[in-house]
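> One letter stands for each residue in the lines below.
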Amino acid sequence: DAGITQSPRYKITETGRQVTLMCHQTWSHSYMFWYRQDLGHGLRLIYYSAAADITDKGEVPDGYVVSRSKTENFPLTLESATRSQTSVYFCASRAGTGLGRPLHFGNGTRLTVT
Amino acid sequence: AQTVTQSQPEMSVQEAETVTLSCTYDTSESDYYLFWYKQPPSRQMILVIRQEAYKQQNATENRFSVNFQKAAKSFSLKISDSQLGDAAMYFCAWAGTALIFGKGTTLSVSS
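If you're matching them up, the sequences are chains A and B in order. Under my numbering, think of the first position of the first sequence as 1, with each following residue one higher. Under my numbering, think of the first position of the second sequence as 1001, with each following residue one higher.
Don't read these hints as lab results, they were simulated from the structure. One or more hints might be untrue.
Straight-line C-alpha distance at most 16 Å; calculated EDC-like pairs for lysine to aspartate or glutamate [said to hold, decoys possible]:
{"#": "1", "chain 1": "B", "residue 1": "LYS1103", "chain 2": "A", "residue 2": "ASP38"}
{"#": "2", "chain 1": "B", "residue 1": "LYS1073", "chain 2": "B", "residue 2": "ASP1026"}
{"#": "3", "chain 1": "B", "residue 1": "LYS1103", "chain 2": "B", "residue 2": "GLU1029"}
{"#": "4", "chain 1": "B", "residue 1": "LYS1073", "chain 2": "B", "residue 2": "GLU1029"}
{"#": "5", "chain 1": "B", "residue 1": "LYS1103", "chain 2": "A", "residue 2": "GLU14"}
{"#": "6", "chain 1": "B", "residue 1": "LYS1078", "chain 2": "B", "residue 2": "GLU1017"}
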């Protein structure tokens, strides 16, 4: 099915471990985004990408690494997970640069760092 | 930097009644878009409505409408004839390269 999928849906990991959250979209949208959602903070932008091999920091990039070797994939890696990174993570995509184009979101990954 | 403020963490409404969710924003841009997204307990992010700042006419989508006051930088969402399925968290967002979100308003609907 066409769309944007995130995996896993739930993940529990330990402090200090590396974990990668996957995001895949089938629309060939140029823009992709990673947000984290925390109670009392809404959604905050971690990283975004305008095209393959082009990434840029958002509001809260520390502790995260992204890559985009292919247009359809945009994985997010926590190199050494901390408890403060316990959150719900959303991947989103958008076709082109038009500001009026809505973001299409995946269903999120709930990450718990113990 | 752009900011989006939702001053009502929680709101409640009775079925069939009308409720208005508030949103204010700050930007120095002259043309931009604003969005409202709905997030039910399933966690899915659903686009409710969008407004282009260039257009003076308020956007409407069925029971959902906005009151866009550009000079006041206000973008409220009105839900008419509220239904149980409207219960969700609602996010206001300003569109730049990425969306800048407010902290959200949790809407509960009672029968």
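> Hint check: LYS1078/B vs GLU1017/B, CA-CA at most 16 Å. Holds or violated?
holds (11 Å)
> Next pair to validate is LYS1103/B with GLU14/A; report whether the Cα-Cα distance is within 16 Å.
violated (28 Å)
> Are LYS1103/B and ASP38/A close enough, with their CA atoms no more than 16 Å apart?
holds (9 Å)
> With the threshold set at 16 Å, check whether the alpha-carbon distance from LYS1073/B to GLU1029/B stays at or below it.
OK: LYS1073/B and GLU1029/B at ~11 Å, within 16 Å.
> What's the verdict on LYS1073/B and ASP1026/B, does the C-alpha distance respect the 16 Å limit or exceed it?
Within the cut-off at roughly 7 Å; holds.
> Please work out if LYS1103/B and GLU1029/B have their alpha carbons no farther apart than 16 Å.
violated (21 Å)
Comparing the model with each numbered hint stated earlier shows that hints 3 and 5 do not hold.
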